[in-house]
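*Asks:* Sequence:
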Amino acid sequence: PRFFSGHLHAMASTKLGLGLGLAAGAGWYLYRKQQAPTLVVGGGVMGLSTATALAASGRKVILVDAAHPIRGSWGITRASHFRMEDPELLQMGLYSSRYYKQLQEQYEAEARRSPDLKVEDSHFYHCTGSAMAGPKEQIENIAVCVKKELGDLPEAQHELLSASEVEQRFPQLKLDADECLIYMPIGFTMLVNNCIAALQWSASRAGAVIVEDTVVHIDRSRKQLRTEGGRSFSFSRLVITAGPWTNQVLSSAGLSGVPMIVSNEQTVELVPKTGAASYDWDVFPVFTWSEAGYKGRGKDGGCEYYYTTPHVTHSGVPSSGVKIGFHRQGPLLNTEEFQVSASGKASIDKMPHIRKELNTEQQFELDPFAFSKVQEFVQKKMPGLNAEKHVGYMRCLYQCTPDLHMILGRHPEDPSVVFACGFSGSGFQFAPAIASVLTALVDDEVTEQQQVFLKKYDPGRFQL
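According to the working numbering, the residues represented by the sequence shown are 15 to 478, in order.
It should be emphasised that the hints constitute simulated quantities derived from the structure, not laboratory data. The model shown is predicted, which means the values in this text are computed figures rather than measured ones. Accuracy of the hints is not assured; some may be wrong.
[As the list claims (entries may be wrong)] Within a straight-line C-alpha distance of at most 20 Å, the following computed PhoX-like cross-link-like pairs (lysine-lysine) qualify:
1) Lys309 / Lys469
2) Lys403 / Lys287
3) Lys287 / Lys394
4) Lys364 / Lys237
5) Lys395 / Lys188
6) Lys150 / Lys188
7) Lys309 / Lys161
8) Lys287 / Lys370
9) Lys74 / Lys237
10) Lys309 / Lys364
11) Lys359 / Lys150
12) Lys287 / Lys188
13) Lys162 / Lys150
14) Lys359 / Lys370
15) Lys132 / Lys150
16) Lys370 / Lys313
17) Lys188 / Lys387
18) Lys387 / Lys313
19) Lys150 / Lys309
20) Lys470 / Lys309
21) Lys394 / Lys150
22) Lys115 / Lys132
23) Lys394 / Lys188
24) Lys403 / Lys387
25) Lys150 / Lys395
26) Lys364 / Lys313
27) Lys387 / Lys370
28) Lys162 / Lys395
Based on the provided sequences and hints, a complete structural model is requested.
*Replies:* In structure tokens, the structure reads:
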């Protein structure tokens with residue numbers, strides 16, 4: 015992928031130098047090893063991917079993670095796909111997909127060698143295909159962008175299906191006459207717990223040290239980090255991948271927060287009606303319906319968007335039915351943990367959420383509003399599912415930005431601090447690519463293509 019050509023791919027090889035020859039490269043590698051560690055704060059999918067990439071580039075790495083039970087990187091499944099109209103995200107998705115496939119191969123090989131790891135637990139990247147439906151103009155726009163950006167690559171294969179063709183091909187779905195669907199045979203359902211375990215294995219194997227503790231203070235002048243457990247770590251560079259806790263961590267470092275608001279999202283699991291077609295992952299793809307594409311907005315500034323992952327039948331995975339969520343529509347939070355900056359409060363009206371009020375407590379019970387919206391959607395578009403009752407639900411956390419694009423780069427108040435956050439519900443599948451860019455920033459080896467990419471997601475585009 016062009017945004018990442020010429021830079022580190024941690025699973026493939028370690029880049030030792032900058033074209034100075036093997037000896038000079040080895041010297042630079044050893045120099046990095048002699049420096050104080052690079053600290054990564056936050057050990058979800060972003061932090062683990064970044065710790066692996068940094069360690070593979072020759073740096074000593076300590077990753078500090080608070081091990082929160084409910085975080086951005088939790089749940090049962092995620093989607094990885096290419097049905098999007100964003101050129102940069104398509105390139106990131108391509109890089110990350112190939113990274114995940116390679117990681118899975120290596121982790122499965124480890125499972126066959128190790129008596130402590132079951133082979134079935136090493137599987138996390140399962141090809142199910144993917145599909146998105148919506149107004150014809152929106153879906154056709156996605157197809158055009160995919161063709162333009164990915165050309166004849168296997169990942170770009172797709173079909174456009176009319177409403178009647180969808181009913182024949184996927185009897186689980188029902189579209190209106192003015193809607194269509196893009197189907198892509200290469201798309202994946204990701205098993206979250208298995209993926210996180212693979213990334214932990216990868217980071218440790220690369221030499222990163224993982225510490226479970228909560229950060230309470232970061233002294234940027236002395237380059238020291240202190241934890242709740244009383245430990246202190248010196249660092250040479252600081253990387254923050256703290257997800258929903260980003261503003262809290264920035265505050266502990268004496269830095270301004272970004273206009274990112276955490277939303278308390280919800281997914282539910284539904285099962286098919288008696289006699290209905292199967293929604294299992296061997297026959298049904300990752301599926302979404304959106305009124306405005308992957309990152310677009312409707313006329314009112316919001317976006318009615320529903321996402322699903324199929325029922326997982328893999329051994330050891332507690333999937334009870336089809337997972338469905340009303341995307342980016344959970345209650346907005348402003349708590350001690352999930353802090354909203356002044357710039358965030360000023361941008362609330364730009365958020366796509368129907369409910370704009372800020373809530374001072376995280377919610378764990380069922381959200382009736384979100385469930386009712388899912389029920390309405392299912393009755394119209396996925397009528398084979400029983401929408402009357404759920405067989406499970408989960409509350410999760412998104413990090414939303416006013417423009418729905420991630421924040422990735424150097425902090426405007428301290429360029430030595432690099433961070434990534436604000437993925438607006440779509441970060442998991444891009445983590446390896448984001449890790450590659452963060453590593454390039456730390457190593458001061460950003461390519462021209464990456465610079466274009468960073469310009470789009472620069473934290474400085476917002477008033478802090």
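*Asks:* Now tell me, hint by hint, if it's right for this structure.
*Replies:* Structure-based check of each hint:
no.: 1; hint: Lys309 / Lys469; verdict: 18 Å, holds
no.: 2; hint: Lys403 / Lys287; verdict: 11 Å, holds
no.: 3; hint: Lys287 / Lys394; verdict: 14 Å, holds
no.: 4; hint: Lys364 / Lys237; verdict: 36 Å, violated
no.: 5; hint: Lys395 / Lys188; verdict: 5 Å, holds
no.: 6; hint: Lys150 / Lys188; verdict: 14 Å, holds
no.: 7; hint: Lys309 / Lys161; verdict: 18 Å, holds
no.: 8; hint: Lys287 / Lys370; verdict: 35 Å, violated
no.: 9; hint: Lys74 / Lys237; verdict: 15 Å, holds
no.: 10; hint: Lys309 / Lys364; verdict: 14 Å, holds
no.: 11; hint: Lys359 / Lys150; verdict: 35 Å, violated
no.: 12; hint: Lys287 / Lys188; verdict: 15 Å, holds
no.: 13; hint: Lys162 / Lys150; verdict: 18 Å, holds
no.: 14; hint: Lys359 / Lys370; verdict: 10 Å, holds
no.: 15; hint: Lys132 / Lys150; verdict: 45 Å, violated
no.: 16; hint: Lys370 / Lys313; verdict: 17 Å, holds
no.: 17; hint: Lys188 / Lys387; verdict: 17 Å, holds
no.: 18; hint: Lys387 / Lys313; verdict: 19 Å, holds
no.: 19; hint: Lys150 / Lys309; verdict: 16 Å, holds
no.: 20; hint: Lys470 / Lys309; verdict: 14 Å, holds
no.: 21; hint: Lys394 / Lys150; verdict: 17 Å, holds
no.: 22; hint: Lys115 / Lys132; verdict: 18 Å, holds
no.: 23; hint: Lys394 / Lys188; verdict: 7 Å, holds
no.: 24; hint: Lys403 / Lys387; verdict: 13 Å, holds
no.: 25; hint: Lys150 / Lys395; verdict: 15 Å, holds
no.: 26; hint: Lys364 / Lys313; verdict: 13 Å, holds
no.: 27; hint: Lys387 / Lys370; verdict: 17 Å, holds
no.: 28; hint: Lys162 / Lys395; verdict: 30 Å, violated
Violated hints for the displayed structure, listed by number in ascending order: 4, 8, 11, 15 and 28.
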